[in-house]
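Trainee: Now for the letters of each chain:
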Amino acid sequence: MRLLLKGGKIIDPTRHLEITGDLLIVDGTIAGISDLGPSPEVDQIEDVTGKVVLPGLIDMHVHLREPGFEYKEDIESGCRAAVAGGFTTVAAMPNTNPVTDNRSVVEFVLRRAQEVNLARVLPIGALTKELKGEEMAEIGDMIEGGAVAFSDDAFPIENSSLMRRVMDYCVMFDVPVTLHCEDKSLSDDGLMNEGFTSTVLGLKGIPREAEEIAVARNIMLARLTGCRLHIAHVSTAGSVELIRQAKESGMKITCETCPQYFSLTEEAVIGYDTNAKVNPPLRTADDVQAIKEGLADGTIDVIATDHAPHAIHEKETEFAVAASGMVGLETAVGLVVTELVKPGVLTLSEAFCKMTASPARILGINGGTLQVGRPADVTVIDPSLQWTVNPECFHSKSKNTPFTGRVLTGKPVLTIIDGRVVAKGNEVVA
Amino acid sequence: MRLARKDILGLQEMTAEEIELIIHTAVSFKEILSRQIKKVPTLRGRSIVTLFYEPSTRTRTSFEVAAKILSADTSSISVATSSVQKGESLKDTILTLRAMKPDVFIIRHQAAGAPHFVAKLVPESVINAGDGMHEHPSQGLLDMLTIYEHKGRLSGLNVAIVGDILHSRVARSNIWGLTKMGAEVRLVGPKTLMPVEVSRLPVEVYTDLKEGLKGVDVVNVLRIQLERMKKGLFPSIREYSSLFGVTKESLKAAKDDVIVLHPGPMNRSVEIMPDVADSDISMVTAQVTNGVAIRMALLYLLIGGTEDAVTA
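Residue numbers (the working numbering), protein chains in the order written: chain A, -7 to 422; chain B, 10 to 321.
Looking at chain A on its own, in the form it has when it is part of the complex:
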């Protein structure tokens, strides 16, 4: 099977490659990139003139909800959302039921993903049993089973001594440890960012320091242990600065932010919009600016979505009891182009490096590049396509987005995994 993507702007951030030409895929493998010339003999041609051809996008922070919360999302619907959003690989957080804290659940997730046969799903194992922050989970066995990273997700390990031992243990396997940084005693059941808006709305605030204290502690423990710390969803200016300093000191830590943290401020909560309730909370314009600076100077390595589907009844409720989180797989490309590329914060190559090569490097996986001989995971985006966010068009089971009605520029138009077209336009075709 020979597939030719013809006439696109081909960007491979790993090689600083940016040419207009053809990409040839033969039997699921990238076979060549050439300048525009006479087309070789192929079985299928996709004209991608005016489009951008990228390595398949990788989202290293999603919640697929299976097993246990299939009413919010399952591996099939989550993978459909992923490929429709341009993602060929997603790393799934372990806060399932049962928790992904042992090899059998890791293997279950992989088997379901194989059956679904859309996006590649990489399980993230729990650091501690049942995410309780008490006893270490069987990290080694889960790695054998296929887990690529470890995290206790939104249930941060409070006990610094246990955190240190868990980091130490993970060093042995050279796996990334993804940490949601939050001092829960300081966030203290807060509901949104602490500031003028929380004061006016009468909602209990979460100070930025609740994140920053935990970022600082975890950086220190990573320095102590040599752990490959990856800080999840950075939301504050202070966190960006702490990570910048740590990197300047030579530490090999990495971090991610999510589109909501460079696209929205706490003011999205005004009117008590539960779709704007997320943890960490949306912050202020100063923080958004600092996140953009962190993305631009390389302090922030990765853009992940923290795709967090919740059912309608979990959001159509009082703000205080509404579930935290928002779906993100199907709006990420549009938000990245609209909020980062169009205003000139990042070039296309820089922006999509943070969604391809960077997460591949951190996760230690074979992807995020268009090098000849690699599996042909390719995402084609139309960087100038204007569209309006309509959750009814999402493939995800859940519709909890604060971006409804927002006009975005940039959309994936073709998603290819192993040389097979899995999504075209908004249709999942595989």
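These are computed hints drawn from the structure, not numbers from a lab.
Check each hint, because a few of them may be wrong.
Derived DEER-like restraints, expressed as beta-carbon distance ranges [what the hints assert, rightly or not]:
id, chain 1, residue 1, chain 2, residue 2, range
1, A, Asp27, B, Val205, 34 to 44 Å
2, B, Ser288, A, Glu259, 22 to 32 Å
3, A, Thr12, B, Val205, 47 to 57 Å
4, B, Thr105, A, Val313, 51 to 61 Å
5, A, Asp181, B, Asp217, 30 to 40 Å
6, A, Asp181, B, Ser251, 28 to 38 Å
7, B, Pro211, A, Gln281, 21 to 31 Å
8, B, Pro211, A, Ser153, 47 to 57 Å
9, B, Lys223, A, Gln281, 38 to 48 Å
10, A, Asp181, B, Thr294, 30 to 40 Å
Within a straight-line C-alpha distance of at most 20 Å, the following computed SDA-like cross-link-like pairs (lysine to any residue) qualify [claimed, not checked]:
id, chain 1, residue 1, chain 2, residue 2
11, B, Lys129, A, Glu308
12, B, Lys100, A, Asp265
13, B, Lys100, A, Thr309
Virtual Cβ for every residue (Gly too), placed ideally from N, Cα, C.
Go by the hints and put chain B onto chain A.
Mentor: Structure of chain B alone, referenced to chain A:
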């Protein structure tokens, strides 16, 4: 005359003209309260539901009395706080009640924004009877009516709100209402009970009671809740009382004709001393009567007819 709005959710979004209309309507309604036959047919055949997710005696009774004087039918539902999360969702509760065809929902809820959620859900009017730490608009209005009755104006007055500003929806409604009407507002209380970025509100902030009361026309004393002490926001009732309890002595700093308000229920000898609470500068019972008049005005201005309600 009606308000050009479906709901009363807070005073932040209300204009000075709307507040003035409500206060003037309440003033004219007060006459009905002094009649021997306290009933007018204004809202006959209209149905009002009060839904209280938090314990309350005065606010709920006040709304019910107001509705009954205007001849509306009332149903009251109280929901034990403990059942909120386990039991029926707020949405389902509202949709169930709505099927019984009420014209107004009056809601008190411990979660800020709950009345806003309901207001978006139903086409009927919603009145916020207190939502979490957000607003308590009818309380703010009745406080303003009480001040207006005694001072003849709101504009140019100096009003000190004393106590737990952080958790107080009464404080927030007073701040928005009073400043819109041209009064100056001071907040007085311990730093730990002040909301963050409070200085961005149109207020002056004091952590010293005597300083805060200097030259004020009105003192609105807030109730202090014992559980705040347990959360480590102040060390003891004794210390709170000695620093922020409003006494005859501390009121010497205020204007000679100062009046004192309290939304109730009072903790005597904690935030307010008995010699203040029981003196003739205390407006506590006048506030309760004005509460009925304000709530009559709100119901009338939301769902009343066009005829002159007072003489009807």
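Trainee: Hints first: check each against the structure and report whether it holds.
Mentor: Do the hints match the structure? See the list:
| no. | hint | verdict |
| --- | --- | --- |
| 1 | Asp27(A) x Val205(B): 34 to 44 Å | violated, 59 Å |
| 2 | Ser288(B) x Glu259(A): 22 to 32 Å | violated, 45 Å |
| 3 | Thr12(A) x Val205(B): 47 to 57 Å | holds, 52 Å |
| 4 | Thr105(B) x Val313(A): 51 to 61 Å | violated, 18 Å |
| 5 | Asp181(A) x Asp217(B): 30 to 40 Å | holds, 31 Å |
| 6 | Asp181(A) x Ser251(B): 28 to 38 Å | holds, 31 Å |
| 7 | Pro211(B) x Gln281(A): 21 to 31 Å | holds, 27 Å |
| 8 | Pro211(B) x Ser153(A): 47 to 57 Å | holds, 49 Å |
| 9 | Lys223(B) x Gln281(A): 38 to 48 Å | holds, 41 Å |
| 10 | Asp181(A) x Thr294(B): 30 to 40 Å | holds, 37 Å |
| 11 | Lys129(B) x Glu308(A) | holds, 11 Å |
| 12 | Lys100(B) x Asp265(A) | holds, 15 Å |
| 13 | Lys100(B) x Thr309(A) | holds, 7 Å |
Going down the numbered hints, you'll see the structure goes against 1, 2 and 4, while the others check out.
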